[in-house]
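*Asks:* Listed here are the chains, written in short residue letters.
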Amino acid sequence: MIYLAVALGVITLAISVPIFLVFGLSGSMVIINVLDLPWSILTQVTFDSITKYLLLAIPLFIFSGMAMVEGGMARRLVDVFTNAVGHWRGGLGIAMVLTMGFFGALCGSILAAIVAVGTIMIPVMVERGYNRSFVAALAACSGFLDTLIPPSNGAIIFCAITGENVARAFASGIVPGFVFGGLLIAVVMIKCRHMDKTPRAGLRVFLRSVYVAAPALLTPVLILGGIYSGLLTPTESAAVAGVWAVAVGFLVYRELTPAGLWRALKATAATTAMIFAIIAMASFMSVALTYTRFPHRLIEAITSVGVTPNLFLLAGGVVILILGTIIEVIPIMYLTLPIMAPVAGALGIDLLHLLIVFTAFVGLGLLTPPVCVGAYTAAAIAEEPAHRVIKAIFPLFFLVGIVYGLIIIAFPWLATWLPRYV
Amino acid sequence: MKKALAHYRRFTDLLAKAILIMAALIVGLDVLSIFAEAVGRYIVGQSRAFMEELPRLAVPLVVFPMMGVLLRLKKHIAVDLLPEKLKGRARSLVLISAYAVVLAVAVQFLLAGIIAVNYYREVGFETQTEIVFKIWLTYLPFPIGFGLLVLFTVELLWRELIDLARLNRKEGS
Chain A
1 MIYLAVALGV ITLAISVPIF LVFGLSGSMV IINVLDLPWS ILTQVTFDSI TKYLLLAIPL
61 FIFSGMAMVE GGMARRLVDV FTNAVGHWRG GLGIAMVLTM GFFGALCGSI LAAIVAVGTI
121 MIPVMVERGY NRSFVAALAA CSGFLDTLIP PSNGAIIFCA ITGENVARAF ASGIVPGFVF
181 GGLLIAVVMI KCRHMDKTPR AGLRVFLRSV YVAAPALLTP VLILGGIYSG LLTPTESAAV
241 AGVWAVAVGF LVYRELTPAG LWRALKATAA TTAMIFAIIA MASFMSVALT YTRFPHRLIE
301 AITSVGVTPN LFLLAGGVVI LILGTIIEVI PIMYLTLPIM APVAGALGID LLHLLIVFTA
361 FVGLGLLTPP VCVGAYTAAA IAEEPAHRVI KAIFPLFFLV GIVYGLIIIA FPWLATWLPR
421 YV
Chain B
1 MKKALAHYRR FTDLLAKAIL IMAALIVGLD VLSIFAEAVG RYIVGQSRAF MEELPRLAVP
61 LVVFPMMGVL LRLKKHIAVD LLPEKLKGRA RSLVLISAYA VVLAVAVQFL LAGIIAVNYY
121 REVGFETQTE IVFKIWLTYL PFPIGFGLLV LFTVELLWRE LIDLARLNRK EGS
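So the sequence lines, in the order shown, correspond to chains A and B. All the letters of the first sequence, read from the start, carry residue numbers 1 to 422 under my numbering. All the letters of the second sequence, read from the start, carry residue numbers 1 to 173 under my numbering.
No lab work stands behind these hints: they were computed from the structure. Ideal Cβ placement from N, Cα and C applies to all residues, glycine included. Hints are supplied without guarantee of correctness; some may be wrong.
Claimed, not checked - Here are the simulated distance ranges between beta carbons:
#1 A/M1 - B/R169: 37 to 45 Å
#2 B/I21 - A/V212: 47 to 55 Å
#3 A/G345 - B/E126: 33 to 41 Å
#4 B/L161 - A/I2: 48 to 56 Å
#5 B/I21 - A/L231: 48 to 56 Å
#6 B/V107 - A/V212: 49 to 57 Å
What the hints assert, rightly or not - Here are some of the chain B residues that sit facing chain A, going by a computed Cβ distance under 8 Å:
#7 Y8
#8 T12
#9 M66
#10 A98
#11 F109
#12 E130
#13 L140
#14 L164
#15 L167
Could you build the full structure based on these sequences and the hints that come with them?
*Replies:* Now the structure itself:
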C-alpha cells in the first residue's frame, strides 16, 4: 500500500494535480489503510499544523511586504543604494543586489522583492546599457537573498517543522546572506567592468535620499530589534511591521491608497491559503512518517554505512536541488526536512547549518528549469523571453550558487556563529 | 450545456468573490488583533489572550474555503510540465484527468471532514481558549472548504469537457 501511495503521488504530480492534494491523497492512503487511524485524528492533526502561533507570522510578514510594495518603500530604498554605489563600475547591478538584500530585511517574500525592486531597477539598468537578460538573471538570483536575510518565511516554516528557535534561525541567515551577496557583487563587478560609469550623486543628494527613505531604513530595526530585544515575538513583530508599512504608506509617502491596501490584503489571503493548504496536507505525510518510523530506519542505515556529515549534506543538497527543479520550496521542506532533520541531528550537524545548506541548494533548484518562478517573474518584468534569462543564469550564476553551497557546507560556523549570541 | 455552464459560472464567480472578501478581511483583522495584543502588553501593561487565539483559530477560515478559489485562478503550486508542453486534445485530456483526481479527493475529504466534525460534535470537546468554542465548530472549515472545492472543480471539469468536445468536433470536421 505504501508503494501504491508513492506511485499514485508521482502520477498525480505528473498530471499537475495541486501539490497539497497530492500530499493529502498519498498521506491519507497510508494513514487510513496501513496505519488504520481514524479521520478524526487526521482532521485534528491538520488543524494543529496550521493554527500554530509561530506560523501566523507568515501571513503577517507577507502582508507587510505587500503593503510596502504598494506604499512606495521599495522605490526609496532603490534611490538610497543607487546614490551610494551607482557611480561604481557595474554600480547599478551592485545597487540592485544591495537593495534586494535590504528589502529582504523588510519582507519575507522572494517574489515580492523581485517585483518591487525589479520593476524599478530593471528598466533603468537596461536604459543605461546593461544586458537585459543579465539584469533579469541578476534580479532572480539576488531575490534569493530574501531567503537568508531575516525575516524569512522559509526560516519560520523550518522552525515549525524542526522546533528550532526562530530568533536563532533568523540570525543564522545573516552571515551567509553577506557571503552570497558578496559573490553576486563580485560577479557584477567582473561582468560589468567595461560598463560606463554613471555620474556620482553628490553627498547632499545621497543624504537627502537617506532622509526620505528613513522610515524604510528603520523597518528592519523595528522588526529585528523587537525580536532580539525580547520585546516582541516574531509573530507580533510581523504584525507591527504590517501596521508600520500601512502607516508609512498612507501618512508619510502617501502612495498607499485604500484600493492598494485592499489589493495587498487579497494577495496576502491568496498566498497564505496557497502555503497553508500545503502545510495542512503535509501534516498527513508527517503522521505517516512518524508512525512508519521511516526517519529512524534511515538514521540506522546511514550511521551503519558510516556516512560523514559533509557527505550527508552534499547528498542531501543534490536531492534538494533536483527536487527544486520541479517543485516549489515549501513542499520540498515538508517532503525532506522531517526526514533530514533527525538524520542531521544523529550525525551531529547543527540544525541551523542544515537550514542554510537547504536554503542554498533549494535556491539553486528554483533557478533551474522547468520550475524557476523567480526567473520567470524577473523575465516578465524585464520583458525578456524566459529562455534567454535562463541562459543568462547558466552557467555563471549557477556556478556561483554551487560555490556558495560548497562554502556553506565546508564552513558551518558561517551559519552557527551569529546565533550563539542570540 | 454551454448555457448551463455560463449560469453555473455566474454562481461560482459570486462565491469566489465572497470567499476572497472574507479571507482578506480575516487577514486584516489578524494583523490588527496581533498588533493590538503586542501594543496593549507594553502600553497598558496587559493584553487579552483572545487577541492571540482568535487569529490562530481564524487561519482555517482563510485556508480551506480559498482552496477552490485558488484552483480556479490556477494559483495552487503544481508541476505544470505536461499541460505546458502538450497542446490540443492531449492537453485537454491531461487537465480532465487532473480535475477528476481533484474532484475524487475533494469528495473523499468532504466526507471525511463530515465524519470527523460529527464525531467531535458527539463527544462535545471544547477549546481551551479565553473565548470557549465547541471544537467541532473550529473544525467545520475543513468539510466546508472541501465542499467548495468540489463546486469549483465541477466548473473546471465541465469547462474542460466542453473544450474537449469542441476539439473533437474540430478534428472530426
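*Asks:* Each hint needs a verdict: does it hold in this structure or not?
*Replies:* Status of each hint after checking the structure:
no. : hint                        : in the structure
1   : A/M1 - B/R169: 37 to 45 Å   : holds (42 Å)
2   : B/I21 - A/V212: 47 to 55 Å  : violated (35 Å)
3   : A/G345 - B/E126: 33 to 41 Å : holds (37 Å)
4   : B/L161 - A/I2: 48 to 56 Å   : violated (34 Å)
5   : B/I21 - A/L231: 48 to 56 Å  : violated (34 Å)
6   : B/V107 - A/V212: 49 to 57 Å : holds (56 Å)
7   : Y8                          : violated (21 Å)
8   : T12                         : violated (16 Å)
9   : M66                         : holds (3 Å)
10  : A98                         : holds (5 Å)
11  : F109                        : holds (7 Å)
12  : E130                        : violated (14 Å)
13  : L140                        : violated (10 Å)
14  : L164                        : violated (15 Å)
15  : L167                        : violated (18 Å)
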